[in-house]
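Asker: Line by line, the protein sequences are chains Z, L and Y. When the letters of the first sequence are read in order and numbered with our numbering, they come out as residues 29 to 302. When the letters of the second sequence are read in order and numbered with our numbering, they come out as residues 29 to 302. When the letters of the third sequence are read in order and numbered with our numbering, they come out as residues 29 to 302.
Keep in mind that a hint or two might mislead.
Here are some chain Z residues pointing at chain Y (derived, C-beta under 10 Å) [said to hold, decoys possible]:
#1 Thr81
#2 Gly91
#3 Leu93
#4 Asn94
#5 Lys95
#6 Ser125
#7 Thr224
#8 Thr276
As a list, the in silico DSBU-like pairs of lysine-lysine whose alpha-carbon atoms are at most 30 Å apart [to be verified]:
#9 L/Lys182 to L/Lys298
#10 Y/Lys265 to L/Lys39
#11 Y/Lys265 to L/Lys40
#12 Y/Lys31 to Z/Lys265
#13 Y/Lys265 to L/Lys265
#14 Z/Lys266 to Z/Lys31
#15 Y/Lys106 to Z/Lys95
#16 L/Lys40 to Z/Lys40
#17 Y/Lys266 to L/Lys40
#18 Y/Lys31 to L/Lys40
Hints were generated in silico from the structure; no laboratory data involved. Since the structure is predicted, the reported quantities are computational estimates derived from the model, not experimental observations. The C-beta atom is built at its ideal place from N, Cα and C for all residues, glycine as well.
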Amino acid sequence: MLKEMMENVRKKTPLIHNITNYVTVNDCANILLACGGSPIMADDSNEAEEITTICGGLNINIGTLNKNTIPSMILAGKKANELSHPVILDPVGAGASTLRTSTANDLLKEINFSVIKGNISEIKTLAVGSGTTKGVDADIADKVTDENIDDAVKFVKEFSAKTGAVIIVTGETDIIADSKKAYIVKNGHAMMSNITGTGCMLSAMTAAYITANNDNMLEACLASVCLMGYAGEIAYKKMIETGAGNSTFRNYLIDTIFNLTSEELERGAKYESK
Amino acid sequence: MLKEMMENVRKKTPLIHNITNYVTVNDCANILLACGGSPIMADDSNEAEEITTICGGLNINIGTLNKNTIPSMILAGKKANELSHPVILDPVGAGASTLRTSTANDLLKEINFSVIKGNISEIKTLAVGSGTTKGVDADIADKVTDENIDDAVKFVKEFSAKTGAVIIVTGETDIIADSKKAYIVKNGHAMMSNITGTGCMLSAMTAAYITANNDNMLEACLASVCLMGYAGEIAYKKMIETGAGNSTFRNYLIDTIFNLTSEELERGAKYESK
Amino acid sequence: MLKEMMENVRKKTPLIHNITNYVTVNDCANILLACGGSPIMADDSNEAEEITTICGGLNINIGTLNKNTIPSMILAGKKANELSHPVILDPVGAGASTLRTSTANDLLKEINFSVIKGNISEIKTLAVGSGTTKGVDADIADKVTDENIDDAVKFVKEFSAKTGAVIIVTGETDIIADSKKAYIVKNGHAMMSNITGTGCMLSAMTAAYITANNDNMLEACLASVCLMGYAGEIAYKKMIETGAGNSTFRNYLIDTIFNLTSEELERGAKYESK
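Bound conformation, chain Z alone (with noise of 0.2 Å):
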């Protein structure tokens, strides 16, 4: 299945429209382009909704939020909406202040997601209004663990089913559902928590595999994350096998992507349905 979700990203290289922050952008067009999409940046109220009309998904990411580019937000979603063009929100440090919280409901109330990315302590902030949020990882205390993801998982429907969208918790192990049927990942390592970016280049891949994969966007998020976090782990290998660090672990994983094929993906994700 997910062999399919690849190819088919690689096979339409969807355009994908991304407002986003500028602490990963470089990253997040890069990575698009390794895993077979095209990227866009365009964050002027002026051009916001011509851009995502030529576009076939769009990626929006609060990361470094700055007050001129709310209203592109607001319109881009809303004309992605009426096109039925996927769109997926990372809540980057919702919870953090309360700009990026208030922000992120309100993006919530004008726009329908189809998808919404964050760790556990942002997606909490979304969901309940609650959530600590210590820059922009998870907050220890709400970390998902083999004893409490059950737990987790009926909160992730419920949000789910609240709002309509795929929601994907990132974390340790990783949670996609949506009201009835989840996932649950365990790919990745912890390395890629040692480099900026990790979760802003899953948003902007997400929305490259939702975009090709509309028809299943569960699946495609499923995929998108197995994908990230299996490039992670040989990344990983890669820069101890060559006595590397942080700054060439993330162009290993990105290069991994690039070159992965979709056999490697299916044999490398483990992940299971709850």
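Guided by the hints, dock chains L and Y onto chain Z, whose structure is given.
Answerer: Relative to the frame of chain Z, chains L and Y by itself:
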């Protein structure tokens, strides 16, 4: 001839003022350093003129265009004209949105550009007010091929006559022309479109080339285009040898610009006059 | 001594709020992660104070300065002062434009900085209202040499007395001083000026060092400067061994920060007190 162009850049260390997009800005700075130039990025209207004044050349790139920086582009461009500094325009995505097309047209009205560099779709948008732009890539219908090359060269020469600028049209075959003379370049590799920023990097590097060789802008552009393309070929070979992917390819590309000798450039350049 | 400084950063994982330029922001985030810190970038005035509040230290960098973020710098700086968080200023390009010089001076008036880090030209601009800045590099006439080192150290100590900040002057020889004590550092390699961002990265990393070692800021700065310079030497060696260029050098530099042990830092550091 290319040899002297390259050596002049390395000898003179031209300081280039860049008003450019936030996606590829880091790559632009690093390629400027790699080729022997020196970058300064500044886009606030309160300092645009002053910064241009202390520089030797100006690079204006309209990717991630936003309304705050448009006045800065105009101010810097006019000041550069006043000081007879070379100015290059990269109309990224012209044709993709009204904002980009109209801004590019406004810039052409207000500023005398030394060089305009784009793909065939962007250049057509500026030249004839038509042209279709799919994201930031040239429309496939507008591709320059061996069959239509003479027509394309004629069109480019005419646009040069109209604007007074050297025109660079990038693609599988690149065209560099002023109103009287044209070159076509066959360097480069398809891999270059698998990373973000090769176009932006070419513009930034070309700014350094025309600044250090301002008595011969056409051939300075030719040298820069050959260098970028040839570096792409070398970087691709190294990528294949090392089993790397697109992220590492970007590093190899910039590394090659850093290390290539002027003799190697002369030998590797594949161009002819038209 | 440097050993303990380094270990404190790795043990405490200081969360650093960065208001910085969009050219080198990704490198700043990755070097913060490499050294053991944790980055958050936020520059909107609506969240600047809140973000600073959840962080341990603040890094203000005026590269690609724009009028929207200046109020955010002031708000965040005042809040950090109120909370006794360490704050570092990197006055990138002070002296190159009125906007940068006057903003740097305004920041000095409004905020008590723990550390101010620049090249000799930038520091002179702030200190005596003179100094010439060629782009973002120190003016050659103002170079610190073995001949004028005593005068330079005296000048730096005086500027520290005036501002209450530890002053870092970067160059072939680095000077780190408070009003009473100074160190000079001979680590580093000329190659470091062939990539963008070594200065910005040093400021970001130093923010982590002073935050994790806020009882001894002078030596924390010394450790950070030695680490950066020594990492540059190691990265240069690796670059030569592998036939790489400046882009890969950047990766090696950050990788080295990630991998270097505190014992290696102690052995490699080349400093003396003055």
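Asker: Next, verify each hint and record whether it holds.
Answerer: Going through the hints against the structure:
no.	hint	result
1	Thr81	violated, 27 Å
2	Gly91	holds, 7 Å
3	Leu93	holds, 6 Å
4	Asn94	holds, 4 Å
5	Lys95	holds, 6 Å
6	Ser125	holds, 4 Å
7	Thr224	holds, 4 Å
8	Thr276	holds, 5 Å
9	L/Lys182 to L/Lys298	holds, 21 Å
10	Y/Lys265 to L/Lys39	holds, 25 Å
11	Y/Lys265 to L/Lys40	holds, 27 Å
12	Y/Lys31 to Z/Lys265	holds, 29 Å
13	Y/Lys265 to L/Lys265	holds, 24 Å
14	Z/Lys266 to Z/Lys31	holds, 24 Å
15	Y/Lys106 to Z/Lys95	holds, 21 Å
16	L/Lys40 to Z/Lys40	violated, 46 Å
17	Y/Lys266 to L/Lys40	holds, 28 Å
18	Y/Lys31 to L/Lys40	violated, 42 Å
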